[in-house]
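Student: What follows is each chain in one-letter form.
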Amino acid sequence: MGADIVDENLIGKDEVLKVAKLARLSFSDQEAGQMSVELSMVLKHFETMQSINTDALAPMAHSMEITNVLREDEVTPSADREEVLSSAPAVAENRFLVPRILKEEL
Amino acid sequence: MSLGNRPPSFGSSVSSMPSRARELAKLVREKEIKAQEILEVSLREIAARDGEINSFNLLLQDQAMEDAKRVDEAVAKGGYKGRLAGVPIAIKDNICTKGILTTCSSKILANWKPPYDATVITKLKEEGAVIVGKTNMDEFAMGSSTETSFFGPTKNPWDTTRVPGGSSGGSAAAVAAGMLPLALGSDTGGSIRQPASLCGVVGIKPTYGLVSRYGLVAFASSLDQIGPFAASVDDAALALEVLAFHDRRDSTSLAGGLYGSQHIKKDISSLRVGIIRNFLPDAAESCRRAVTDAGQFLAGLGAKVEEVDIPELDYGIAAYYIIAPAEASSNLARFDGVRYGLRVDGEDVEEMNIRTRTAGFGLEVKRRIMLGTYALSAGYYDAYYLQAQKVRSLVKEAFNKAYQNYDVLLSPTSPTVAFSLGAKVADPLSMYLSDLYTIPTNLAGHPAISIPFGTGEDNMPVGLQILGPALSEALLIQVAEVLEAG
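Protein chains in written order, with the numbering used here: chain V, 1 to 106; chain F, 1 to 486.
Check the hints yourself; a few may be wrong.
[To be verified] Quick list of the computed label-pair ranges, beta carbon to beta carbon:
(1) V/H62 to F/D282: 28 to 38 Å
(2) F/K304 to V/T48: 31 to 41 Å
(3) F/R248 to V/H45: 40 to 50 Å
(4) F/L301 to V/Q30: 51 to 61 Å
Hints in this document: simulated from the structure, not taken from any laboratory. For clarity, every value in this text was computed on a predicted model and none was experimentally measured. All residues carry an ideal CB built from backbone N, CA and C; glycine is no exception.
Extracted from the complex, chain V is given alone in its bound form (with noise of 0.2 Å):
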């Protein structure tokens, strides 16, 4: 990749780390210039859709008409709770473990 292409990036160094911290990954230096580099490319070629006029159009979300499905609210057969917890990389007291979530404040 030249550094023509580098200079012109869409979404820098920078932004790829904060972008990286939402999606929770992490990149090390040269894999987030990679990343950059990549994403812009592809940004970059589809900015075609920029120009479209689409004042009149409605965003759509789903290809259907689709509406809320109800149904009775009646107890039917569910997952089997150890079934469920035996793929799971830990388990305790029938739930899933974790790491500690709160850190001790004094």
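For chain V, the structure is supplied; the task is to place chain F on it using the hints.
Tutor: Same frame as chain V, but now just chain F:
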């Protein structure tokens, strides 16, 4: 190994057994042949060829033999009606199978055994299908070559130096190599049709909501659909008929009984066919020729065939590469090291999350999560995500306008025949452009079918895409059969 010009045919290198699913199921129901014998042929083909092709992440010999035995016992009792009686089938590894590894070809799920079956799996078993194994794919279905798999790439059976396409490359290659008559894939932006095209088999992306997504590991929920691969249009149609039903567990599942009820069969001489002209200039010569040859053939039968410009479809890919990563970044947030899959420990929950995801996801998945998170983040939402959603409306409106004048549209499935392994790995953008012609269909929620239509550069198969409005599967299948026969 090369298939040469031999069309895919199940079991043909080890057996003289009929190769089509419909015929095999009929013979099983009529007690002419046993499900166990068919399975043995499938396992022999797999043993002979999959070492080189790498279609399968997991083979289920023992379990499949049990299932085949059960079908044979049910047939022996009499009155057995299973539409797929004894038919061996392979399942893409992002479709949940109870107690059986379902990895999405990702390190993060490499040891995960789902506690439930996808509804399509339950249905296949009810109809007598025998699940032989789980097939390789691009990690979390993100890719167009099956090279992003944590378990290494699948090879194209026609030329093992080339990719099978993706993301459902394992399923496409297994059918192309004659290991099975049927396989399931999933299609978010072309992941059934593009590998079908590159491997010379039939692949159907159904109307959104026609096939239940319950138990399909989500990539982009508003675009994902499960669909079949087969060596013939008729077999793909049989599989789709089985897969199309209402499922209360999928809130986007359409009402039952819709499949085949709309856009019903018509006389080819009254058919109006549009060739998407703006999809031709960037396609390889062989891919363009397939489309014009198909158009001429249908015109010869009396159909009205003309070229039509639908320039809005060109914007589909830009909208897709915002919408699909945005949905993926949200869907993949569930892989946090808490409830399933890999965990890499850390001092606190956040550090554990970050370490787990950083170690568990491959580069392409990270790229998409980053792209999606960026597009959804404060300050960029309107410019990217909202604009992409509006462009999605534009694409759908353009399709709907075209379908006022045409019953079906034709285009190449892929811009090229299968490319070499490694050719596009280092250039994500060029990989993304492989799906230029398949993506608009997903944005609109419409169905499309890819059928093999001759060979192109270096004798590699070429795919033809036939597109239609929502719930036009019966018509697409009819047109595909006419073209297949001609």
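Student: Decide, hint by hint, whether the structure agrees.
Tutor: Here's how the hints hold up against the structure:
1. V/H62 to F/D282: 28 to 38 Å: holds (29 Å)
2. F/K304 to V/T48: 31 to 41 Å: holds (33 Å)
3. F/R248 to V/H45: 40 to 50 Å: holds (42 Å)
4. F/L301 to V/Q30: 51 to 61 Å: holds (59 Å)
Against the hints set out earlier in the document, no violation occurs for any number.
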